[in-house]
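Q: As a plain string of letters, each chain reads:
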Amino acid sequence: MRYLPLTPADRTAMLASVGAGTIDDLFADVPADALLSGPVEGLAPHASEMAVERHMARLAGKNLSAGAAPFFLGAGAYKHHIPASVDHLIQRGEFLTAYTPYQPEIAQGTLQVLFEFQTQVARLFGVDVANASMYDGSTACWEAIAMAGRVTRRKKAVLSGGLHPHYVGTAETMAKFTGDVIEARSPVLSAQPDDAEVIAAIDDQTGAVVVQYPDILGRIPDLAAIAAAAHAKGALLVVVVTEPVALGLIEAPGHLGADIVVGEGQSLGVGLNFGGPYLGLFGASEKFLRQMPGRLCGETVDAEGKRGFVLTLSTREQHIRREKATSNICTNAGLCALAFSIHMSLLGGEGLRQLAAVNHDRARQTAERLAQIPGVTVLNDVFVNEFTVVLPADAREAVRSLADKGVLGGVALGRLYPQDKALHAGLLVTATECTTDDDIETLALTLADVLKKGA
Amino acid sequence: MTRYFTKEHEWIQVDGDTATVGITDFAQESLGDITFVELPEAGRAVTAGEAVAVVESVKAASDVYAPLAGTIAEGNAALDAEPELVNTAAETDGWLFKLTLTDAAALGDLLDEAAYKAYIAEL
Amino acid sequence: MNAPNASGWKPEMVADDGSVQPMTVSGDKGLQLEEPLIFELNRAGQTGVDIDAPKRGPVAGLSKFLRKAPAALPGLTEPEVVRHYTRLSRQNYAIDLGPFPLGSCTMKHNPRLNEKVARMPGFADIHPLQPKHTVAGAFEAIAELSDWLIGLTGMAAVALSPKAGAHGELCGLLCIRAAIEAKGEKRHIVLVPESAHGTNPATAAFAGFRVESIPATEDGRVDMAALISRLGPDVAGVMITNPNTCGLFERDLKKISDAVHASGGYVYCDGANFNAIVGKVRPGDLGVDAMHINLHKTFSTPHGGGGPGSGPVVLSEALAPFAPLPFVQREADGRVHLVEEEEIASTGHAQSFGRMAAFHGQMGMFTRALTYILSHGNDGLRQVSEDAVLNANYILRALEDVLEAPFAKAGPCMHEALFSDAGLASGFSTLDIAKGLIDEGFHPMTVYFPLVVHGAMLIEPTETESRMGLDRFIASMRSLAERARAGDERLKTAPHFTPRRRLDETLAARKPVLVWKGDAA
Numbered sequence: 001m002r003y004l005p006l007t008p009a010d011r012t013a014m015l016a017s018v019g020a021g022t023i024d025d026l027f028a029d030v031p032a033d034a035l036l037s038g039p040v041e042g043l044a045p046h047a048s049e050m051a052v053e054r055h056m057a058r059l060a061g062k063n064l065s066a067g068a069a070p071f072f073l074g075a076g077a078y079k080h081h082i083p084a085s086v087d088h089l090i091q092r093g094e095f096l097t098a099y100t101p102y103q104p105e106i107a108q109g110t111l112q113v114l115f116e117f118q119t120q121v122a123r124l125f126g127v128d129v130a131n132a133s134m135y136d137g138s139t140a141c142w143e144a145i146a147m148a149g150r151v152t153r154r155k156k157a158v159l160s161g162g163l164h165p166h167y168v169g170t171a172e173t174m175a176k177f178t179g180d181v182i183e184a185r186s187p188v189l190s191a192q193p194d195d196a197e198v199i200a201a202i203d204d205q206t207g208a209v210v211v212q213y214p215d216i217l218g219r220i221p222d223l224a225a226i227a228a229a230a231h232a233k234g235a236l237l238v239v240v241v242t243e244p245v246a247l248g249l250i251e252a253p254g255h256l257g258a259d260i261v262v263g264e265g266q267s268l269g270v271g272l273n274f275g276g277p278y279l280g281l282f283g284a285s286e287k288f289l290r291q292m293p294g295r296l297c298g299e300t301v302d303a304e305g306k307r308g309f310v311l312t313l314s315t316r317e318q319h320i321r322r323e324k325a326t327s328n329i330c331t332n333a334g335l336c337a338l339a340f341s342i343h344m345s346l347l348g349g350e351g352l353r354q355l356a357a358v359n360h361d362r363a364r365q366t367a368e369r370l371a372q373i374p375g376v377t378v379l380n381d382v383f384v385n386e387f388t389v390v391l392p393a394d395a396r397e398a399v400r401s402l403a404d405k406g407v408l409g410g411v412a413l414g415r416l417y418p419q420d421k422a423l424h425a426g427l428l429v430t431a432t433e434c435t436t437d438d439d440i441e442t443l444a445l446t447l448a449d450v451l452k453k454g455a
Numbered sequence: 001m002t003r004y005f006t007k008e009h010e011w012i013q014v015d016g017d018t019a020t021v022g023i024t025d026f027a028q029e030s031l032g033d034i035t036f037v038e039l040p041e042a043g044r045a046v047t048a049g050e051a052v053a054v055v056e057s058v059k060a061a062s063d064v065y066a067p068l069a070g071t072i073a074e075g076n077a078a079l080d081a082e083p084e085l086v087n088t089a090a091e092t093d094g095w096l097f098k099l100t101l102t103d104a105a106a107l108g109d110l111l112d113e114a115a116y117k118a119y120i121a122e123l
Numbered sequence: 001m002n003a004p005n006a007s008g009w010k011p012e013m014v015a016d017d018g019s020v021q022p023m024t025v026s027g028d029k030g031l032q033l034e035e036p037l038i039f040e041l042n043r044a045g046q047t048g049v050d051i052d053a054p055k056r057g058p059v060a061g062l063s064k065f066l067r068k069a070p071a072a073l074p075g076l077t078e079p080e081v082v083r084h085y086t087r088l089s090r091q092n093y094a095i096d097l098g099p100f101p102l103g104s105c106t107m108k109h110n111p112r113l114n115e116k117v118a119r120m121p122g123f124a125d126i127h128p129l130q131p132k133h134t135v136a137g138a139f140e141a142i143a144e145l146s147d148w149l150i151g152l153t154g155m156a157a158v159a160l161s162p163k164a165g166a167h168g169e170l171c172g173l174l175c176i177r178a179a180i181e182a183k184g185e186k187r188h189i190v191l192v193p194e195s196a197h198g199t200n201p202a203t204a205a206f207a208g209f210r211v212e213s214i215p216a217t218e219d220g221r222v223d224m225a226a227l228i229s230r231l232g233p234d235v236a237g238v239m240i241t242n243p244n245t246c247g248l249f250e251r252d253l254k255k256i257s258d259a260v261h262a263s264g265g266y267v268y269c270d271g272a273n274f275n276a277i278v279g280k281v282r283p284g285d286l287g288v289d290a291m292h293i294n295l296h297k298t299f300s301t302p303h304g305g306g307g308p309g310s311g312p313v314v315l316s317e318a319l320a321p322f323a324p325l326p327f328v329q330r331e332a333d334g335r336v337h338l339v340e341e342e343e344i345a346s347t348g349h350a351q352s353f354g355r356m357a358a359f360h361g362q363m364g365m366f367t368r369a370l371t372y373i374l375s376h377g378n379d380g381l382r383q384v385s386e387d388a389v390l391n392a393n394y395i396l397r398a399l400e401d402v403l404e405a406p407f408a409k410a411g412p413c414m415h416e417a418l419f420s421d422a423g424l425a426s427g428f429s430t431l432d433i434a435k436g437l438i439d440e441g442f443h444p445m446t447v448y449f450p451l452v453v454h455g456a457m458l459i460e461p462t463e464t465e466s467r468m469g470l471d472r473f474i475a476s477m478r479s480l481a482e483r484a485r486a487g488d489e490r491l492k493t494a495p496h497f498t499p500r501r502r503l504d505e506t507l508a509a510r511k512p513v514l515v516w517k518g519d520a521a
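Residue numbers (the working numbering), protein chains in the order written: chain F, 1 to 455; chain C, 1 to 123; chain G, 1 to 521.
Bear in mind the hints are in silico, worked out from the structure with no lab data behind them.
Built from N, CA and C at the ideal position, the CB exists for glycine as well.
Possibly wrong hints are sitting among the right ones.
What the hints assert, rightly or not - Pulled from the structure, derived: some chain F residues nowhere near chain C, Cβ distances all over 10 Å:
no.: 1; residue: GLY38
no.: 2; residue: PRO83
no.: 3; residue: GLN192
no.: 4; residue: ILE199
no.: 5; residue: ARG290
no.: 6; residue: SER314
no.: 7; residue: THR315
no.: 8; residue: ILE320
no.: 9; residue: THR446
To be verified - Partial selection, computed: residues in chain G whose CB lies under 10 Å from chain C:
no.: 10; residue: GLY61
no.: 11; residue: PHE65
no.: 12; residue: LYS68
no.: 13; residue: GLU218
no.: 14; residue: ALA262
no.: 15; residue: THR506
no.: 16; residue: VAL513
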């Protein structure tokens, strides 16, 4: 078998050298009625590389990929062009098959990358420090709420209606078990984000105020105003960024008063991957450093005075604090953080600005073209690369019909908010640098067609 | 002024109803390089045996317990910039916190220097 | 700090007369290459990507939100990026380079077919919220993986959404908590062996439980009598690892499970060591109610320098109703669909404890793991655990005369061999052997874990080590053990041949420098 180097002769000789007659002698501690007598039944035997590849290709072939159709989906996962060198570099065996850098002398590659990554995230978010990544944006958001609770010693979190419903769901699930109180609200189909409602909800029991930027409908909240209101009541402002490319155009949350900034880094370097693995970004003000979850990489020197890097402040983490850790997290998003960092190193701040400008331009063109379709209204006055359109009827039907015609036309709000009928006419539409003029025209014509037939 | 000790390797220097508490030289030696000390806030009421501070090294975090009941008067602010004082001067400048005692009679339960020295000799 | 090589150190050569002379101007040593930070490469304000200019400016309303200045981050051209990251990669040890015998990490070979399949556009370039009929193949792949995980473990169901092992532990414990609450009971205690991995008590605490520790017996197993005597109406269950962190099979697990169930509790099994028993033993047969599987351990998905992981949780009939969303369900007619919030009532998942993360789970790890599983098949996976156990026993017997192996006399180990620091010269420790092993060209084994053995060294070769590779490793370990017993002072300053010598971790913790500040005013 191609992945098992021991030969039958090896096995025989090695069994003899350990004093075992058969391999099952080494499983002597397993109770006889629990030791299987042969391979697990009902499952297939081994297969050649060719056969496995063919089988998996057949499954993959049943899926309509984003690159094979006009594609306008967003809602927390975005399709961007990833430069070719990124995937080549992350597949180097020294990155792909390395472990967590617990032996720093032979892991300076990983550690220096993490230090660069932390710096990139901190500067992108406009905060003092960032960690070495978390699982994804939704769990990072929950960890931020928990952290704000520890810092303020308050258990209530006020969530904006503009926060991604999966992020809200994750926080509500976790809070059921930790005793935190999550005060969430639904979004409303209005051009204005719900800043006023959020501000009104902040009281002196509030530990965390959580706002997505841009929000789920693509609108842009006034972070400075919300930060002021939060701080006036002793609460922390947690800002969630699901599309980091947007920060190429709009101001960094840390510069507007955010105390903790978290996000989803998938847009840069990682790819759609049907929802995972993704990349949780986590940054905060330095004064809260010891309450931060996740791994941290720090600079130091070695015995010869050369600069080097190590994982540090480990006393916050589970393997030392056990029950009293800031989080139970162990694994980070390692290779995804590397991919993000490489992509970000190619772009730089200037390239990210240009990229965001092009994204906005394509979205603006898409919005203006869709607004021309009878029955379609664009909700947003303001957006970066994602906006909401309102259709004459439940957008899920239109999305299905568009897909039948080979167009992936966006995310129906009914898919995200099945219980909330007031939102069902809404459709989230995203355009990126990958969106062509043909894509936009095809979407418009097909949507117009679909709506006419539905009328 | 008398100095008392506990089996958890704390020393307590009592002056009237104020007790200055730190960890012993024996403790700092076994902890290794101290990297950070988490101190309790002034004004906090504590019971005897309650974990009130944490002394961290690179690979470990050790709880420090209030030897007696009382109210925290202050934490040693010098440790913020120089946690290494706990290594170099554990029983003097590296004190951790001062406690206003509410039950001075309980001092009788603590070890004196001779008893503590005998205790660590057995470890 | 933040200055490259502030000490000005350059490689040096000791001449015959004992004088020390600098060897190179660059500071590099042949193929051992230094590499500065991207921020030090004079690319501030530049970009290395060609982006078409937009046709127009931003919409009017956007002006008050615009950034005043781009983020202060450098942009490198492709040649600079390729060189930077290639040079950095060469400062890493990796499975692709040699044995990585970390106990309980299962650092086996990562097959490249996995990478090829995960990158097929039909898997890599699909959005989680696409209309479900446009991604039927994705759901089928997930269902196929589910069938394998359920079959191999003998359990009833699998929750695929946890993003990593610790996340899976949390999932399992939350299922247990949901089940207890559904019965209207209040049980606040979880029993955890003192040899457990740190994530176990941390997770139990986050799930709202109080942890009580159960000691080990002299033969390295959890003390069954102590555990059973502690069971009661306040105990929600037990978190047990099998094989345990000493590399030994918990013989009494079925009896423990029976007792826990009789007292109304549940059994969580940490599946980190599943590589020892896959295809030979089914945890479901031992009464386990929930077990997370680390796809990045047993099922070969790459460690990537620390992640991403994936921690699906197999569940018993008792806990299956509480599994988190979303869920891939196979109908009687074979069709597969995704159960999200909308469908929970109609598909019998009304008791799900909720959603643990956005979207549907670590699809990229599912395709890799399924590819690995299909490659091995049921017979190959059985061979995997047999070879893993044989390799570990081979190491155990080859070293037990030079290193103390606390449980070696009592019987075989499973997939990992455990040694202690007994017998090392005074002042010499497990750490010195670990650092010496680095100079020998290997990644050290797991050290100082489990805590129940002094100076623990936990060695897990996995099944993808050849006999010749094992012999080379054994020879180095024997040499190091003998040097440590003899008190060879040169071990104290190891490693000597690596890009960096021992690093000052105390300084890094006392004065944390977590971002580059070289351009600060």
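Q: Are the hints correct? Go through all of them and say.
A: These are the hints, each one checked on the structure:
1. GLY38: holds, 46 Å
2. PRO83: Consistent with the label, F:PRO83 stays out of reach of chain C, its closest Cβ about 38 Å off (over 10 Å).
3. GLN192: Its Cβ never comes within 10 Å of chain C, the nearest being 42 Å, so this holds.
4. ILE199: Holds, since 30 Å exceeds 10 Å.
5. ARG290: violated, 8 Å
6. SER314: Non-interface label on F:SER314 violated, nearest chain C Cβ at 7 Å vs cutoff 10 Å.
7. THR315: violated, 4 Å
8. ILE320: Incorrect as stated: the minimum Cβ-Cβ distance to chain C is 6 Å, not above 10 Å.
9. THR446: holds, 60 Å
10. GLY61: Not OK, violated: G:GLY61 not within 10 Å of chain C, min 46 Å.
11. PHE65: violated, 39 Å
12. LYS68: violated, 34 Å
13. GLU218: At 23 Å from the nearest chain C Cβ, G:GLU218 fails the 10 Å test, so the hint is violated.
14. ALA262: Given a least distance of 36 Å, the restraint on G:ALA262 is violated.
15. THR506: For G:THR506, the interface hint holds, since the closest Cβ of chain C sits about 4 Å away, which is under 10 Å.
16. VAL513: violated, 14 Å
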